[in-house]
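Student: Fit chain E with the ligands to the given chain B structure using the hints.
Chain by chain, the residues run as shown.
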Amino acid sequence: MNIYVLVKRTFDTEEKIVVSGGKIQEDGAEFIINPYDEYAIEEAIQVRDAHGGEVTVLTMGGEDAEKQLRTALAMGADKAVLINTEDDLDEMDQFTAAQILADYLKDKNPDLILAGNVAIDGGSGQVGPRVADLLDINYVTTITKLEINGTQVNIVRDVEGDSEVLETSLPLLVTAQQGLNEPRYPSLPGIMKAKKKPLDEVELDDLDIDEDDVEAKTETIEIYLPPKKEAGRVLQGDLSNQVQELVQLLRTEAKVV
Amino acid sequence: MNFDLSQEHQMIRKTMKEFADKVVAPGAIERDRTKAFPKEIFKQLADMGMMGLPFSEEYGGAGADTISFAIVTEELSRACASTGITYSAHISLGGAPLNLFGTEEQKHKYLTPICTGETFGAFGLTEPNAGSDAGGTQTRAVEDGDDFVINGSKVYITNASYAKHLAITAITGEVDGKKEISAIIVPTDAEGFTVIDNYEKMGLNASNTTELVLENVRVPKENLLGKRGEGFRQFLVTLDGGRIGIGAMAVGIAQAAFDRALRYSKERKQFGKPLSDFQITQFKLADMAMKIELARTMVYKAAWLKDQGRPFSKEASMCKLYASEIAMQIADQAVQIHGGYGYMKEYEVERYMRDAKLCEIGEGTSEVQRMVIARLIGC
Ligand SMILES: Cc1cc2nc3c(=O)[nH]c(=O)nc-3n(C[C@H](O)[C@H](O)[C@H](O)COP(=O)(O)OP(=O)(O)OC[C@H]3O[C@@H](n4cnc5c(N)ncnc54)[C@H](O)[C@@H]3O)c2cc1C
Ligand SMILES: Cc1cc2nc3c(=O)[nH]c(=O)nc-3n(C[C@H](O)[C@H](O)[C@H](O)COP(=O)(O)OP(=O)(O)OC[C@H]3O[C@@H](n4cnc5c(N)ncnc54)[C@H](O)[C@@H]3O)c2cc1C
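Protein chains in written order, with UniProt numbering: chain B, 1 to 257; chain E, 1 to 379.
Looking at chain E on its own, in the form it has when it is part of the complex:
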C-alpha cells in the first residue's frame, strides 16, 4: 500500500495549482457574470500540453495517467468549475471514446486535433426524451448508399460550439425487435447541423452547453465509431471514465469552498471573537476537511484502478456520487459561514454552490449512480 503521489504527480499538482491561482482564478467571477468562455486559458493549457493529457504521444497526447487527469481537473475546478468541466468533458467525453473505439485512421483524424487543442472534445448522448434513460435515444441514422443520414436532436451538450466534430448516439436499425444504437462521428459544420448556444443556466456559466439539431445530416458510413450496435455500451464505458472527472471537479469545488470558509472564519469577528473560535464553526470545518479527504481518496482510488486496467465502474460511481454530494453540502456550509457576505457574488462561495449542483446531475444523476452501485454490489 502506498498513498504517495509520484514525483510527476506532485509536479503536475504544483504546476496546475500555480496556474489555477494565477491564471484561472482571477477572472472567474467576471466569466460567471458575462458567460465568457475561457478560450485564452485553454490556449495556454494547450501550450502546456494538457489538452491531450492521457492520450498517446502518437496522437499528440502526453501519455499521462488517470490520476494526473484527476489532479488537473481538480485544480482547474478549484479556481473555476466552468473551466474544470470544460476540461473534463474535453478529455473524458470528447477524446476518450475516440481513443477507446476509434480506428487508427479515425484517431489520427479526430483525436489528434483534440490533443493539440485545435478543437474541443464533445459528446452527444442526452436527448430531450432520453436523459437518465439514455437507451431511449430517438435520433435516427438511416443508411443511404455509402452514407448515414441523421435526424434528431440532442440537449445539454458540453463544448459543442467549440468542437469541429463530435460523437453522437443514434438508432441505426432494429435487431430482434430491439433498437440498435450506434455511435457516429459528425462534423459540426456538416450541412443540416445546428449548434444552439442559448441556455440560461443556474451555474457553470462560462462553460459551453448547447442544443444540437440534426436535419438530414449526411456523413459517410466510415464515420461509424466502434462496432455497429455497440454505441450504447461504448457510451457507458466512456461515462465510467467521465465520472472520475466529475468526481475530481466536485473535489476541486469543495476544496475551494473549504479554503474560503476557513480563511473567512478566522478573519470575521462576531461577539468579540473570530468565528473559528466557536465550536460549531470548528465542527463544520472539521467535517468539511474530512469529507474532502475521503472524496479525494476515492477519486484517486477509482483513477488508480482504471490505470491498473482493473474494473473500476463501481468505484467511479462511488467517487462521483460521494464527491458531488459533499461538494454541494460544503458549498452550502461555506455560504452559511460567510453569512450575508456569502450570499454576495464578490465572496465567490455562492458561485461554488451553483456550480456544484451540476455534479449531482451530469454524467448520471446521483440516483443513477446509486442504481449503478446497487447493481454492482449484487442487488
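Chain B with its partners taken away, still in its complex shape:
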C-alpha cells in the first residue's frame, strides 16, 4: 500500500510563546511535529505493518522542518519529502498548502493519505479535505478508528464527542483525531537509522508551480496572545446571596447572560 502522511512543523503551544512586532518569535520557541500529525504517522506505520507497502511523510516549509521529518523516520516511516518553499513563498495559507501538496501527490497514486485533524498553530483543519478535493478522492475527517479490508474501509469518526460509523473505499484521505492510537516513542535503533533513510527535497520549480498561482487567498491582519487569566474570585455570604451575586456578575461583568 502506498501511504502518505502530511506532517506540519509547529511551535509547541505548551511552551511559552512570545509575540512581538505582530509575529511569533521563533527564537527560543520549541518546535514539534503537530501532535495530531503524530497520530497520523502512528496509524500509517500500523497500516503498513499490517498490509505491507511504504510510508512517506510529506511536509512543506523551510530547511528546519527536516528535524520533524527525521523524527517521523525514526518512528518508522520509510521515506520523507520536504517541499522547500523557503525561497519562494513569504506568506502561505490553507489554499497555498493544499495546492502545492496536491500538485506533488497527483502523480504518486497514493492509496491512503493521512493528515492531522487540525494543526495546533493555525487550527483551520482545512488542508486535508482540500487536498482530497483537489485529488478527487474520498475523505473522512476526525477519525478515531480505521479498518482496511482490500479496498473497503471501515471508519469511526468523532463528531463532537459522539461516534459516527462509516464505510468508504480507497483511495482515501483521513484526518486523525486524538484517540485514534497512542503514538510510539521513536526507538533508539530507529533514531540511529533515521539519518540513512531517504529524505528528498523539492522546490516549487521542480513541481512546475508558479508562485502566483498558489498565492495566499487570506491575509493575516493581526496576531495577539489571549488575555492573561486573572485570579478567580470566591463569593462570600449565604448561598442565595451568592447565587444572586453570581447571576448579576455574569450579566454585568462577564456579559454572558
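The set of hints was computed from the structure by calculation and includes no laboratory data. Ideal Cβ positions, reconstructed from N, Cα and C, are used throughout, including at glycine. Just so you know, not all the hints are guaranteed correct.
[As the list claims (entries may be wrong)] Below, in silico cross-link-like pairs of lysine to any residue (SDA-like), each with a Cα-Cα straight-line distance of 25 Å or less: (1) K196(B) with D259(E); (2) K197(B) with K22(E); (3) K193(B) with F42(E); (4) K109(E) with P187(E); (5) K22(E) with T13(B); (6) K228(B) with Q270(E); (7) K269(E) with G232(B); (8) K228(B) with L262(E); (9) K229(B) with D259(E).
[Claimed, not checked] If we take Cβ atoms under 10 Å as the criterion, some of the chain E residues that face chain B in the derived model are: (10) M1; (11) L5; (12) Q7; (13) E8; (14) Q10; (15) I12; (16) K14; (17) M16; (18) F19; (19) P26; (20) Q44; (21) D47; (22) G49; (23) E57; (24) A64; (25) V72.
Tutor: Just chain E with the ligands now, kept in the frame of chain B:
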C-alpha cells in the same frame, strides 16, 4: 571545536525528555515510598531499544555512543534517580565488562539478554571489608577439576535481584606472594548463591541494592571473564566508564532540583514579592544554573574522549566528582528555597537530596576520585 549535539543526540534527548516526563516522573514519589522497582518502565525502555544502547547490533544493542548514554541517564535521573542508577548500572557496570573483556561466546550468551532487557546487568565488586580499597577482596574461587568453587560475600550490589548472571571479583590464587584477583561470571540461580534484598536505604529507594552470599558456588572455568589475574584492572577500567554514568545521573538530579527551585521561587510570595525578586534567591539560582552547565559540559567531555578512544580516566573522575558534589549542594539549596514545603515529600526536592548523596559514594567516593585525579596529574 564544536559544542553542538548531533541530530541523533538531539532526537534522543527529546524522546527521553518526553518519556521521562510522561512515564517516569509521575510515579517517582510513590516508588520512593513503597520501594517498588520500576519494572514496567524498563519494559518500555527495552521496547525502545535503550537497554543495549552502546553495544553492537550483533548482540542486540543499538551501537550508540557514550554521549547518548549520558543523555539517557541524565533524563531518566531527572525524573527519578532510582530509575537512573538502575539504567546506568545495567549498561556501564553490567553490560560493559562483558563487552570489553568477554569472549565472542560469552558476549552472545550473557550480553545479548542484557541488550534485549531480558535480564538486568549487575556488577559485584564491593565486599564488607573491601570498599574503596577494592583490592582487599576476600571472596575466593578455588579450582576444582573443570570448575571454580566460590565462597564469600558481596555488599551493596545494584540490580542483582533482577539479574540472571553477573560478574564478580574473587581471589583465584597467589602470584609472588600477591593476591591474584580475577573476574568470574556467575549465574544468580546457581546452587549456593543467595541474593538478599533487605537494606533500608536513605534514598534511591526504588533501585535494587542487594547483598550476595556465595557458599560453595560451582561454575565452569570457562566463566572466567577476561584474563586470569586481571580482574582488578578490568574492574577499574569498567568503573571509569561507570563514573560517566554517575556524573550524568548527578546532573539529572541537579537539573530537576534547579527546575523546581526556579519554578517555586516565581510562584511563592513572601513579604509581598515572589522569592525570585530577592537578590539572594536570584544568586542561588544563578549559581545552580552555572554549576549544572559546567557539570554537564564535563560529563560530555569525558564521554566524548571515551568515544574518541582517547584516555578519559581523569576526566571521568572529574565529572563524577564535580557533578556529585554540585548535585548535593543544589538539592540542598532547592530544599532551602522551598522552605518548610521543601521538607515535605510532596514537593519532591527532599528526595533529590537523599538520592544525590549516593553519587558522592557509589563507584568510588569523592575522596577516591580525588585520589585518582591526584595520581593522574602527577602527584
Ligand atoms: C546504593 C549503592 C549502590 C551500590 N552499587 C554497587 C554495585 O552495583 N557494585 C559494587 O561493587 N558496589 C556497589 N556499591 C558500593 C560502593 O561502590 C561502595 O559503597 C563505595 O565504593 C565505598 O566503599 P565503602 O562503602 O566500603 O566505604 P569505605 O571504603 O569504608 O569508605 C568510608 C569513608 O572513608 C573514606 N576513605 C576510604 N579510603 C580512604 C583513603 N585512602 N583516603 C581518604 N579517605 C578514604 C571514603 O572516601 C569514605 O568517605 C554501592 C553502594 C551503594 C550505597
Ligand atoms: C518539621 C517542621 C516543623 C515546624 N514546626 C512549626 C511550629 O511548631 N510552629 C510554627 O509556627 N511553624 C512551624 N514550622 C514552619 C517553619 O517555621 C516555616 O516552614 C519556616 O519559617 C519557613 O517558612 P516557609 O516554609 O513558609 O518558607 P518561606 O518563608 O516561603 O521561605 C522560602 C525560602 O525563601 C526565603 N526567603 C523568604 N523571605 C525572604 C527574604 N525576604 N529574603 C531572602 N530570602 C527569603 C527563605 O529563607 C526560604 O529559603 C515547621 C516547619 C517544619 C518543616
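Student: Please write out, lowest number first, the hints stated earlier that are contradicted by the structure.
Tutor: 1, 2, 10, 11, 19
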